[in-house]
Amino acid sequence: MADFNVSTRGVGSVNVLDLKGYLDAHTAPELEKVFNKLIDDKSYNVVVNFRDLNYISSAGLGVFMAYVETMRENKGDIKFSNMKENVYNIFDLLGFPVLYEFFKDETEALDKFKVQG
Amino acid sequence: MLKTKDKGLERVLIVKSSTDNLSVIRDFTKSSAAECGCTDEITNKIILAVDEACTNIIKHAYKFSPNGEIEVEIKLNKSKMVIDITDSGSHFDPNSVPNPNLIESQKQRRAGGLGIFLMKKLMDEVNYRILNDNRNQVELVKNLK
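Keeping their order, the protein sequence lines are chains A and B. 333 is the number that the working numbering gives the last residue of the first sequence; the numbers go up by one with no jumps. 152 is the number that the working numbering gives the last residue of the second sequence; the numbers go up by one with no jumps.
Stretch-level coverage of chain B by chain A, calculated; a stretch enters the list once three of its residues show a Cβ under 8 Å from a Cβ in chain A: (1) 27-40; (2) 108-122.
The calculated DSS-like cross-link candidates involving lysine-lysine, where the alpha carbons are at most 27 Å apart (straight line), are: (3) A:330 - B:114; (4) A:253 - B:114; (5) B:37 - B:23.
It should be emphasised that the hints constitute simulated quantities derived from the structure, not laboratory data. Every residue, glycine too, gets a C-beta built ideally from N, C-alpha and C.
Bound conformation, chain A alone:
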């Protein structure tokens, strides 16, 4: 059984998702549920904190691709922070840095939302 956990916390107008463990085709639906809930609640500003995420496959990457347009259409975004190098390398291999903002630290990602208002 893959070990994965996602928890949500509010920081001002932003929802921070803390990911933990292994994000693959088995665990990706858990993350989808969280994004569906955010959209239901009209919470479109999201920072995903990857500090405790050890592994990601394309099924996990696909979740962000499926939801980011909805966030952006509603003047929000999905920003990434605290990614381990091995996880970042996969995003990089697929060209994600052109379309998404990556930050070393969660605070920087939160600050970017403040600047954007």
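Use these hints to put chain B onto chain A, whose structure you have.
Quick look at chain B alone, frame taken from chain A:
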């Protein structure tokens, strides 16, 4: 099942086609790569490529039915690692899928083809064949030198 041959290593894992087993497949791939003395970097690439190949089988060959079988056979000789992944589902050639267009996929809110693209990027060869018994086999090759 562990079979050791004179010239190298050969290990086989057979699991049901449930996404639950992806972690079992990763553990098996990791321990096989470690036994071969692969670096962490190469091991991580192989683990992800095998995960993507098996995810595709679950999705496309078995259409998420958890009752099919996936056989993962890892063979090592001095210069390369060969992973043969065999299933009895619908025929599905990963090489028939075009490379993804990230911008278009994002607009359409779907992410098709990412896994296959990753497999090709991470491995030196991705081959597909239909065996005599009509099973599908994806062969992943990683050159170690």
